Structures are given as structure tokens and as C-alpha cells.
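Student: Read off the chains here:
Number of protein chains: 2
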Amino acid sequence: MLTLHNPVRREPEPLALSTLNPNLVAAEYAVRGAIAIKSATYQQQLKEGKELPFDKVYQCNIGNPQILGQKSMTFFRQVLSLCEYPALLDHPASKEIYPPDVIERARLYLSSIPGGVGAYSESKGAVILRQHVAHGIERRDGHPCDIDNLWLTDGASPAVHYMMKALLRNENDCILCPIPQYPLYSATIKLYGGTLLPYFLEESQGWQATLKHLQEQVDAARSQGKQVRALVVINPGNPTGQVLDRQNQETLIRFCAKEKLILMADEVYQTNIYAAGKSFFSFKKVLMEMGPELASSVALVSMNSISKGFFGECGRRGGYFEAVNFPQPVKDQLYKLASISLCPNLSGQICMALIMNPPQPGDPSFELFASEREAILESLKRRAKLLVDTFRGMEGVQCNEVEGSMYAFPRLTMPAGARDEAAKEGKQPDFLYCMELLDQTGIVTVPGSGFGQEPGTYHVRTTILPPEADMAKVATKFSEFHKAFMQRYEQNGARQNGSA
Amino acid sequence: MLTLHNPVRREPEPLALSTLNPNLVAAEYAVRGAIAIKSATYQQQLKEGKELPFDKVYQCNIGNPQILGQKSMTFFRQVLSLCEYPALLDHPASKEIYPPDVIERARLYLSSIPGGVGAYSESKGAVILRQHVAHGIERRDGHPCDIDNLWLTDGASPAVHYMMKALLRNENDCILCPIPQYPLYSATIKLYGGTLLPYFLEESQGWQATLKHLQEQVDAARSQGKQVRALVVINPGNPTGQVLDRQNQETLIRFCAKEKLILMADEVYQTNIYAAGKSFFSFKKVLMEMGPELASSVALVSMNSISKGFFGECGRRGGYFEAVNFPQPVKDQLYKLASISLCPNLSGQICMALIMNPPQPGDPSFELFASEREAILESLKRRAKLLVDTFRGMEGVQCNEVEGSMYAFPRLTMPAGARDEAAKEGKQPDFLYCMELLDQTGIVTVPGSGFGQEPGTYHVRTTILPPEADMAKVATKFSEFHKAFMQRYEQNGARQNGSA
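Sequences listed follow chains A and B, in order. Counting from 1, one number per residue, gives the positions in the first sequence under the UniProt record's numbering. Counting from 1, one number per residue, gives the positions in the second sequence under the UniProt record's numbering.
So here's chain A without its partners, still in its complex pose (with noise of 0.2 Å):
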């Protein structure tokens, strides 16, 4: 294919897997990887009146309440209604339709916002919604919040993309992720070209970090020259369903103290709370009260999202991350960054502002408001529990408790007929019999795998979001399942070993 008359080299083939960035071709996203793929495609068999083994199919792999049934708050969508079409709020329905404070929080926002929800806003979100997630992160944490620490995002996610973009220069930068981490860290370090350095998890005791196992960790880094730039904490835990002690959030602070690190709080789950005396603290807070010295001088990110908590409004892609102790030019980069896209969507800005200013005891809103979350968080509750329960009723299986997020993270004993038939496809044994889960029942879960975890460790990431009409059904599936599957690969490894 050379044209002779330009005898200079040139790509082969301009447009192929060997010609791509190869970070890009190597990072991996398990959320949405095979498995998830195949659960598409039977969905559609499913559609079509194909007979397939299971006659639904069970979107366990993402926290992603609403597509599984769950009701979004009322409050949110009639203010969301009002902005996307302000002529409803001159029709004489509208006062029959709306709450007062509905209305009025619409009128605000639309008078507000230059353009209301059709104009690009300021990059980093439009001013009068910044002020009101400001003022919710205040009266959440007791401590001021500057609204010129505030950027408003499509999600959570670019707030790790543009930590990653700023801080990774080159395979040399390195980030501590806790193991198991949500693969959004792991792709976007590779993404952008750094070094995932992992900390594991304790699961013997309830997942929580340590402080001698992070030192070593940093320890080792730095004596092969690397730099380490950052640490990521996720709590609530995802995929591991802790709630972090404020004690250790203490000791995470004051590490990232000492060794010069920026500390990521990922903490999209902060209303997800279930367990018995654990409650949420955000890393903001714990740090302001630990002191002036420290208070002002740990480089602090603290993200959000609105596609968790009681309201899981994942599809209008809305979040914020607040940076907090960053020089201002530092700042400035971020802005940067942020402007290059413009300007996050405004129906998720406005949601985020909603979020974090809800309807309060007395407006008209408020009893509606406060019924529905109760009655989502409550059945959250029940649900984690069933799972936990349904997990530790089976053979081989060990789970903690689900105290917060969205996850159940059982771990498993792979029987060593299952590792066989694994190694022989090329497969993890977790992402075998997660896809087997998945063939069998109609369950869609994320192998543990995906997420990073202790060598010969094997594990499942399973939401806790199917409705509770579906519960014991997928209950009772995943452990038939499970134990048909243990069964079948026990007699396997059993045989071979037999014949070998």
C-alpha cells in the first residue's frame, strides 16, 4: 500500500489497535467490561422472545438505582421540570401542578443562571448553584466553604480525570489506590499514563486501611525512585461496603500530612449509611478539626455525585469536587481544564445544588421529601441485610457487613476444578463464575478481579439495588447458583486430580 511518489515512513495501518495510544488500548473498566456486554445482548434476546434460562435479567454490576425501579425524588424533578420549560410557570396549571417552594426555587434558579439551562454557565459551575452546594457542604460539616473551591462536574468522574491529567507526568508518578478500588482509578491512572500503587484493604478487618502496610507500600516506592503524589480513599467503601472509623480517617490525614501527599476522598456514597452506630464524616470536616497546623495545609479533594446516595440520579450525570488547601495556581490549571469542556450540564448542576439544599422541615416539600428518602433508605437497608444473610448462608462464602455505598463484596473459595477451567480459558476464576452467574440466572455481577484484590483471593461485587419484589428471587437464584456451580467444579478438580 506505499505510494512510491512520498518515500517517507508512515503507519502502516493509520487506524488499528497497534497504532493507538497503548494506555489506552491497556486500561481496563470491569463495570462495564464482558460481562456486562453479553447482559446487553440478552436483554435484547429477551425483547426479541428468544428462551433463554432466566426470563429477566438482574443489573447487579452498577449502582445505578433507577433503571432496576427505584422512584426519583418528586422535589427534584418537578424543579427540573420547571427549568427545562420556564413557560409552565406563567400557565394557570402550574399552581395546581407545583408546590410553592417548587416554584419558587425554580424562579430563583431561572433568574439566576444568565440563560437558565440552555446557556453554557461559568466552567465551574454557575454562581447561585455553587453558593447553595457550598452552603449544604456547610451545613453538613460545620466549617466554611469558599465557592471558589468549588467546581460543579458531569459526575464524579472529572474530578479524577483532572487529578490524574494535573498530578501523572509520567510512569514515574505514582497513586496509592486502595485494593479493592473502583476501576475508575485504575483506568484513568493508566489513562493518563501513571503508576497504580495499591493498598490493601484489610478484610479480616472490615476493610479498613493500615497504617504500617501504607507506610511500607510509600516506603518502597520512593526507594525505586518513584514519586508518590497522591491517595485515593473511598469511603463509604466501593466495592467494599465499609464505613470508614473517624479514627482512621485520622490517621489517613495525618499520613498525607507527613508524606506530602494529596489526599482524593472519594465520597459519593455519604448518604448511604446503614450499619448500627457508623455514621458519615466527611474528610473536610475531620480535617478542619484536627487542628490550625493541619487544617490548613493538607491538599484536600473532596468529590461528590448525584448518581448515589438515596436519590441515584445517574443518568443526568451531575457531581462536585471541593479543593481544598490548593495554591491558587494550581487552582487556576483546574479551571483550565474545566474550561476546555466548557461547562458541566446545568439540569446536573442544578440537581447537585438540589441535593445539597433539600426542601427542610416546615417548606411545603418537606414531608414528601423526607417520607420518600426514608422509605428508599430503609429498604436499602433491609436489602443490604438480605444479601449479607443470603452470602453467609452459603457454602465457602465469607461477607462483611454492607455498613454503607451500594455493595455487597463476598468473598469466595474457589474450588480448584473452577481455577483449572479458569486458566485454561485465560480467565480469572471470579470473572468464570461471574459469567456462568450471568448465563445461568440473568444476574449481572463484576468479578472481584476487576476491582483489584488480595492475590488468591476471589470475589463478587454485587449491588444491593434490585427491588425488593426481586430480592429473594435473586437471593434464592445466586445461591442455587452457587451451589451447583461449587458442586459441579469440586467433581471436576476432583476428577482431574483423579486422573492426573
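No lab work stands behind these hints, which were simulated from the structure alone.
Same chains, same label: a pair holds when it works inside one copy or across any pair of copies.
Computed list of lysine-lysine pairs in DSS-like fashion (alpha-carbon distance at most 27 Å, straight line):
| id | residue 1 | residue 2 |
| --- | --- | --- |
| 1 | K331 | K226 |
| 2 | K38 | K336 |
| 3 | K427 | K331 |
| 4 | K95 | K71 |
| 5 | K473 | K47 |
| 6 | K477 | K47 |
| 7 | K336 | K427 |
| 8 | K336 | K47 |
| 9 | K38 | K331 |
| 10 | K212 | K278 |
| 11 | K424 | K336 |
| 12 | K336 | K56 |
| 13 | K47 | K331 |
| 14 | K483 | K427 |
| 15 | K56 | K473 |
Keep in mind the model is a prediction, meaning the values are calculated, not measured.
Given the structure of chain A, go ahead and fit chain B onto it with the hints provided.
Tutor: The following block gives chain B in isolation, referenced to the frame of chain A:
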């Protein structure tokens, strides 16, 4: 600040410009740069009642029509409001508020998108919405569109980010970009570590590209061992406002075929055509009609956005790209990249589908839709003409016709005094011009240096978007400023020359 017990190498300043990714620090994005930031300060000051030399800020720096008072399209917003708050569909007043085709469309989308706007969709966009976009593309081009080749996106920016991330491996990889260009290209090429290979548009030939120059640039780059990966074309032009002739498009396609370049066609202004005798042809259509060999081999990315056109729905961030003749493994990588951010926002996806499938003659909403569209496009046409006439009436200014898009890009003869003053301040002369224009008149523009221009030439980009009621005032203020600027710096220059 070094601690003694940990004597290994460590960044002295973990969070400072000196330790950030240098590609981020080097990237520039003038559209939201210093002039735009200062204009926001002025706006705030006016709001607080401060006396300034002007009583209003005219944001002509960015294609953001609704911030300047352009009304949104009723049909789009009606459907979107129902999708936000589906309970409205069951309200007895809904039939008074909404025409039947609006209700029908909302019902179709809500019943076809699992979880509605509150759930993550497929990472490439909800199937029904991709189908509607595909139908729109087919209607536009007269050629089939496979939804497997479509990615819905948050505005057009993600398409550019994805392509740059995928194609650029190191600074040896080059992307051919028009100069002047929209700085999303220069910024992302820098961010992802590649090299911008410029090709100059011929101002004297209505900003067309010339084959001879393109060939010289590619040959020169290759002779230095560079890899030329892709050719960016912006049609209609930004900041230059030209509409490419079909013949010119064919030439560019043949050039990409011969040089094995990926054609990145930025077609976000496809409905913004004002010049008599000019029409928009998508590169997809032109390619498909150049014979089966080319049609099946040239890799093309065609990008569109909901932010431009006559609708200008900037704030909700919607867009799509169609990847034509991309090998499946490469499409898989682009899918993965999209999946790492889960999905584009649903309101933006829906708006994109509505734009590509608007009401048709006979539909209840058609008449209103058509009259709103006509009014906006006719007004834009009048404003484009008024601005061009204004610039042509200024001393030392040349201005090509605004054939399409949303911008005039007049060329200024810069007095020596202004060039000296700018040099003294370490600025570009057109930056000085635009900053003084803002300081004295409140008109916000972007200097030509933010887009790139032939050395020794100076330009200003201004949108054609101020409302017609303001347009005469903007034109007068601009003319008066220009006259005073020229006089001042011609005198300064003369005085300095005299005293030298």
C-alpha cells in the same frame, strides 16, 4: 521541610505548577481565558452597582446564544420537561399544556429508555436515541447510518478528547489542524502530548484550504520522522465562518485517502448557513458519493452538537460523533473510553435525538417549530451582514463574508504603536486590542492569536449573537472604539518613531 526519618527523594512541593503535568500547564484555551475572566468581574461589578464606562457586558466571545436572550425551541423543551417529570403525563392539565406529538414523543422515550433520564444509559447512548439520530443522519445525507457507529456525547468536546487520546502516543504524532482553528484542538493536542501540524487557510480565498500547502506540510513533517495521524476540518468554519465548496471537500477526502489520514470533521455549525448559493454537505455524504473504494476505506469522524445550530442548547451538553470505516477493535477502544465516564447525560442525549428528528410537516408542533427556526436563522443572517458591513466600514479592517457558523473574523491592520505597547506588556497586539475593547465598551471578543493566524496578521473573533435590539449599539461602540484605538496608537507610534 524534609523529614529526617524518611530520607528518600520526594517532591519538595507536592502541589505546585512546577510539579504538575507540563502538558496541562502549557495548554491554552483563549475562549475562556483572561479576557473572559475579566468580563465576569465586570458583570459582577455592574450587578453591584459599580460605575463603569459601559452599562452592559456584551458576551461576543463565545457561541452561547441563549445567554444573550435567544429563546429555546418550544418543542424541545416541552418534551424535555415531561421526561424530567413523567408524573406530568398523568396530570389532567397535561393535555392543555402539551401538544399531542410532544406527549407522544415523551412517552416513546420514557418507555424505551430503561430508568428514563435518571439512569445511566448504554455508554454510547440509549438505543432509541441513537436510532433517532441515525434516522436524522440518513434523512440529511441519503445514506444509511449504523447505530453501532454512533456515540452520543456531552457536547462535541468528548469526541475530540477521545480521538486525541486514542491517536496521540507522544509528541512525534501530529494532527493537521487548520489555522485559524477552534482552540479545543490545540488545547487537547497539547493535553494529550501530541503535536499540532498547522495548515493555513487562505484568507484571500475565503478561508479555503489549498492542497499544495497541505501536501508541503505533510511532506515536511514526515521528512522529520513525524507521524501524521489525522486531518481536522471545521465546516462551517470556526472562527472563520466559511462554508466549504463540495469540490474542496472532495479534495480533502482524496488527500486523506492518499496520505492515510483519519478525517476529523467538526460539523457542529451544519444548520448555520447564511450565504446565498452555499449549502452544507456532510463529509459523510460527500465521501459516500465518491465511489465504493473511497466510501469503504477513508476513516471519518463526523461530529455534531446541540450547542450550535439555530437551537443553541449549550447548557445541557449534548452531541454525537459518527465513526465511519473504523475497524471493530478501534471502536471497542472508543467504547471503553466512553464507558469509563459511564454515559453522557440523558437530557443532552434526548435533545440531540430531538434535533435530528424534529417535528415534520403535518405534526401538531410543526408550524410553531418551523416559525421559531425561521425567525432565528433569518435574524442571524441579518446580524451577520450588519457586523460584516460594520467591519468593512472601519479603517484598516478587512472582513470576509460570514457564510456560516456564528462568527465574524475581521483582520486588523495593527498600528506600530499598538504593536510596541503590546510587546512592552508581553502580550499579542490583538490581545491588547480585545482587552481595551472590553475595558472601554464591555464587548467581549477573542483575539485572533487565541486561534492561531498567519504570522504578522491580526484578527478578532466576535460572535454574531447579540440580540438584534443590541446589535446596532454593539456595531457603533465597536466602530467608535476602533477609530479611537487606531488614532491613539498611530499617534503613539508616530511620536515614538519621531523621538527615536
